[in-house]
Amino acid sequence: MSGFYASHLTLIQQTAVVAVLAMSFQVVLRSGVFSFASAGFYVVGAYAAADMSKAGWPLLPALIAIVITGAACGYLLSIPFVRLRGLYLGMVTFAFAEILVVVADNGGSVTGGPVGLFGVTLEVSTAELFLIVAVVALLISQLERRGLGRALRVISIDEQLARTMGIDINRQRAFIFALSSALGALAGALNTVTTSSVAPTGFGYNLIVLGLTMAVFGGVGSWTGAIIGAIIVTWFPEVFGFVGNYRSVVYGILLILVVVFEPSGVLGLIDRLTALIRQVRRPAPPGGQAGVPVAAREISAKHGAPI
Amino acid sequence: MSSRRRSPAFGIGAGVILAMALAACSSSSSTSTSTSAQGLPSTVALYSIQDLSGPAATPGLDDERGDQLAVADINREKFLGSTKLTITFGNSATDPTTAAAVASTVAAAHYPIVIGPPASSTAVAVAPIMAKADQPTIFTQAGSDGVLVSPYIYRMTTLQTSLYPLTMKWLGAQKVKTVAVIQDSDFPTEVQLTDELKSDGPTYGFKVVAVESVLATQSNIASAMSSVLAAHAQALALNVVTTQNATAATLAQQGGFKGPIIAEESAANGELAPAGSAANGIVWASDWIAGSPGQVSATFTKEYEAAYHEVPTNWAAESYDAVWFAARGLKLADSISPAKVQAALTSVGSAGFTGVLGTITVTNGQETTKPLLIGWDNGAQSVLANQNP
Amino acid sequence: MEQLINAIVLGAVYCLFALGLSLTWGTLNVLNLAHGAVFMFSAFTCYLITQRADIHLPIAVVLVVAVVAGALMELCLDVLVFRQIKRRSRTQGEAEMSMLIGSIGASAILVTIAEQLTADTPFTVTAAPVKASVYHLGSGVYVTNVEIVITVVALVLTVGFALWIQRSQMGRAMRAIAYDAPTSGLMGISEGRMSALAMAISGATAGAAGVFLTVYLDSLTADSGSDLLLKAFAVVVLGGVGSIWGTLIGAFILAGGETLVTATTSGIWTSAVSFGLIIAVLLIRPSGLFGKVKGVRA
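Protein chains in written order, with my numbering: chain A, 10 to 316; chain B, 18 to 406; chain C, 43 to 340.
None of these hints come from the bench; they were simulated from the model.
No experiment lies behind these values; they were computed from the predicted model shown.
All C-beta atoms in this analysis are idealised placements derived from N, C-alpha and C, irrespective of residue type, glycine included.
The hints are all genuine.
To spell it out: a stretch of chain C is covered by chain A in this simulated footprint if at least three of its residues, at any positions, have a beta carbon under 8 Å from a beta carbon of chain A; those stretches are:
#1 127 to 138
#2 145 to 156
#3 308 to 314
My request is simple: use the sequences and hints to build the entire structure.
Here it is, written out as structure tokens:
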């Protein structure tokens, strides 16, 4: 097993880093806020980590500073944009992420221009990475369970109803926007410290596609979906290596299949399976509606889908 | 709500562990070479990480072929006595993340020598991992900073910035006073070349009067070219990649430009063909093309054409020389221990040897060879008759 | 002055490409991220026929091939992916997001196939390069026949299309679907048929754009579509989703802005123009210049 660990170290660490990115997408999508701003803050966090490393910051203070700044900036950014709905919010946050890439390309010595920055001395161990992921997951799971999560759930299903219940929609959306931005910044910083470098490639549109597919693949309904999505997407090339260079074709087909047949992602599939197993073991309780599978009711009650 | 939540999470956790265990069982085990310190084993396995897909696939695939041909020749000539070389290829797909993953696996397997990918982005991802493992690694192309980060790493391609002075010398000999440049601002090598042109131009008698930037991914460079032509310089410098060379040449001709045009290695290997007659007369410096002088060069070209039915590019030639460099290192070291191999490679490099690219020396991990002036005319590239303008 | 010609041609290029995107986004509420891949793959299909299968065709026939290929591809996308998603989705939002991801998947498939079969080298649509005739207009200003053709075709198609949508019965049916699909369905307009038509038209314009651009730029690579796709976002947002006139105006504004930035600066900020425009428009007037207001702001 240790041979496996050593030879797959990069993949294992990468899984942790993108899990944070996936969660940054998952929290907003679940709440119906189509923000891709976390991809933009990923860039900010990545370069901030490199510059702070050069300036001699130790790891934990740097990460904390980056997270707090990401949250604050995210909150500020949300003010003009939070009213936008659906794909329009997606558009503007995508443009925000892409502009940051152009800035990074032309950033002179702060960003190292097209070459980027190398030799980042800050390091993070795999154990620390997993700890960070666990802390983030815990935070999000608490949010999901407590009032905020439920409020966001109601908002995503029916805004009118939410307003009637006294939920301040725009403030909740701004909060989740800020959270997503903070997580994006954290993911970017973690990426820099695990790869020891940062360059303006792979950001922007491609990063958004990555985050989006991980979140949707795994299931937007919960943080577990984000983690599943991160694992699947990161290990996909490894597992499907035998397909050779046409791997991305298989990837595209899988994406389409998931999105057509199970919009709730892998989580939805698992739910269906567990419900099916439960149904097989225990026949429907008396008084249950005939013909309506228990599974269907359970799924729509629990997860819903990205809205 | 909470009881229902726990079971999927549990199931997921179990599923994850199961998946990773399965992947662990299916992943390849480490190399079969023995770790004996004295003498070479009967088989020495090399690993070559190449960009076999993605934007750098063209040099990557050529590298693969050059590597294979070299291994075949080394074995046929019994260069390592009774020891046979084998080589395995891994695909870094011009993606830093994939490259890092492959590198991590390869580094843990402790091959005697690893060949690295050509794209700067993937090379920079692979280099630190190899450095940390004290893994002797030989890159070709990979011209950016952040590659030669350890004495165990070598780069067997002459840097373009070392080839460029010859181009500038040629331009100076054309008696032009002003040059306008179009460059890919997101491509480090191109920016470095432009900077060299700006700072060293006066030495050759000209100065840069305009620099227009486009992105390497940008297809429409018409307005940038118009700006370049509007500077009314006597010469043009194309520091752009792949198809942009042909597009720029076409646009220059359409705009009525008739002066000398210089380019860099991206213009080689047929990239200028779509421009037709607009590209006639374009000059650049390279480390090699098929038809370069030298016996080893001629033999290599003939063999390569026989094996692969196409004319070899400088990428194939460089990788051929790189594997021969590796073999010479192994022979001198007479061992597969990393420290001995590294010392031997350094020795071979400073002593110099003759390869396809001519006389090759390697200093501080970096190869130097003699630059050649190449010209494009009537749909073909050739070594210019006058190499001393 | 030459830059003005550049801007006009660039605008025509953007317009031709963005037409399809605007149409499907406005009518079907689907942001089809595979549009760029379809554009590229239509041209790639021509490459396969004229250079891999060695069947030499005149450029006019090549154009027809690309148009048909593009239309078929987007039609398949509609029937095999989008329609299935719409059928099974519970809410509008879920459908939109799912279709977005589905189009990403489709794009990955097309781009990878083209990448592998061309070893990621540039390809052309005809075996011999198409030589452009240059017309010099004095004082360094010139225009080529290719540029003229592109501009004319783009304008004709856009204007024709706009009029068709406004005046013809089919056009009105399509607008009805865009406004309220279920009610239109009750009134006898088949959403399925309209969406198929919209996607086919979108694919056809992508195919045409593919051929024109390959000739204009000398060649394409497998990822040429993604660069244009991002620009098309700006065009559609600026002009207003679903408005054909908006796409036209938006395309020229974007092209003009980019050309201006390139001409007056060294060009390093040109790519930021499209993104800056998106942000500015969505901040100030989210419906764009001519777009419908419904479904954009709270």
